[in-house]
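Engineer: When you get a sec, could you build the whole thing from the sequences and use the hints?
2 protein chains.
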Amino acid sequence: MTIQEARLSFIQTWGALGSAWGIPRSMAQIHALLLTTHKDLSTEDVMQEIQLSRGNVNINMRELINWNLVKKQHKLGERKEFFTADKNIWSIAQNIVTERKRRELIPVHDMIKELKQTKLDGPKDEVKHFETLLKDLEEFVVQMDKLSEMAIKLNKNVLFKNMMKMLS
Amino acid sequence: MTIQEARLSFIQTWGALGSAWGIPRSMAQIHALLLTTHKDLSTEDVMQEIQLSRGNVNINMRELINWNLVKKQHKLGERKEFFTADKNIWSIAQNIVTERKRRELIPVHDMIKELKQTKLDGPKDEVKHFETLLKDLEEFVVQMDKLSEMAIKLNKNVLFKNMMKMLS
DNA sequence: ACAAACTTTCATTATTTTTTGAAAGTTTAA
DNA sequence: TTAAACTTTCAAAAAATAATGAAAGTTTGT
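Protein chains in written order, with our numbering: chain V, 1 to 168; chain D, 1 to 168.
Wrong hints could be hidden among the right ones.
Since copy identity is lost for identical chains, a pair holds within one copy or between any two.
Claimed, not checked - For lysine-lysine, the following BS3-like pairs were computed, each having C-alpha atoms within a straight-line distance of at most 25 Å:
| no. | residue 1 | residue 2 |
| --- | --- | --- |
| 1 | K101 | K87 |
| 2 | K101 | K128 |
| 3 | K135 | K119 |
| 4 | K146 | K101 |
| 5 | K39 | K75 |
Keep in mind the hints are simulated off the structure, nothing from the lab.
Computed from a predicted model, the values in this text were never measured in an experiment.
Structural biologist: Dropping the structure here:
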């Protein structure tokens, strides 16, 4: 298999995975392409390599930059902008986790907190059941948050790896 | 606020969250509805409460059953089927993690393993870079898998909670 | 100031995903 | 065996999401 074929196959799979996790296919594909190459790529390069329109590349590249997964590069003597992906897999994971937390975990937590503060009218047992649900959910959200922090902080850490071993 | 309003608000938010994570809105809403009530509900009940078509409820309920989040109940003297959600938040989380792992983590891991076994033709440095990427990704996938196992096993466990405290 | 080189925007189009609902299928009780 | 009560299926419609590409905007060098 040529390296080109391997790349394409990787890009396809990564795109499908992104799609399943609510990340636009093109965004995931662009990210995958940048991951597979050491060279910095221009918008034109990306368009050509994975057959996307200029607008699409532009918009999704900006999003990747927002997520801190990609950086702009300026080449001496070149007018074009080039792009390069962070290649450290743990830092990639950290940025993705942070971003999704901000977008999804926090809004849910806010809703839970708000409902918890609200006095609910209705049959006593129903109110009780609902309040228990809210309590359980909040505990869960808080634990997930801690777990993600922990995973981020300790991913490369010896203590963490030993703990893993200890617990598996 | 009435308990009915609170429920609706919860169902809406849960539906939106599901949507962001690649789970059909209706499926998440049905799940949320079942979580908010102690009573077992029939298809008809669900259709009425969140305004969904019969087919939609039927299909998504089946999916919830596949995910082990919901169980069928038969009531004595009733011909209809009723449905009830698992109310234990940790067991819910476990089932979701297991299911998503099966659907997304494993296929990606398989792709990585396959590419790793393949002899790649191309410029030496490009091949090297790509192989490093594969190695890093595989390590990552394996660690994620371990982390999810750990989270599942230890969620209610005292040792785990103390560890969390220790590390935060 | 001009124009070439490049980037960004956004209304429109295309694609994908989800939902509908009526028809077909199944089960149960008499 | 029949028919009422209920469940399942799936082709078609609707809704949501993503992609296109041409035009507008910006920057840079002369």
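Engineer: It remains to establish, for every hint, whether it holds in the given structure.
Structural biologist: Here is what the structure says about each hint:
In the homo-oligomer, the alpha carbons of K101 and K87 lie at most 25 Å apart both inside one protomer (22 Å) and across protomers (24 Å), since each shortest distance falls under that limit. Taking CA atoms no more than 25 Å apart as the test, K101 paired with K128 passes in neither setting, with 29 Å inside one copy and 34 Å between copies. Only within a single protomer do K135 and K119 lie at most 25 Å apart by alpha-carbon distance; the minimum there is 14 Å, versus 53 Å between protomers. Both within a single protomer and between protomers do K146 and K101 lie at most 25 Å apart by alpha-carbon distance, with minima of 11 Å and 21 Å respectively.
In this assembly of identical chains, the alpha carbons of K39 and K75 lie at most 25 Å apart only when taken from the same copy (12 Å versus 65 Å across copies).
Figure legend: structure checked against the earlier numbered hints; the only hint not met is number 2.
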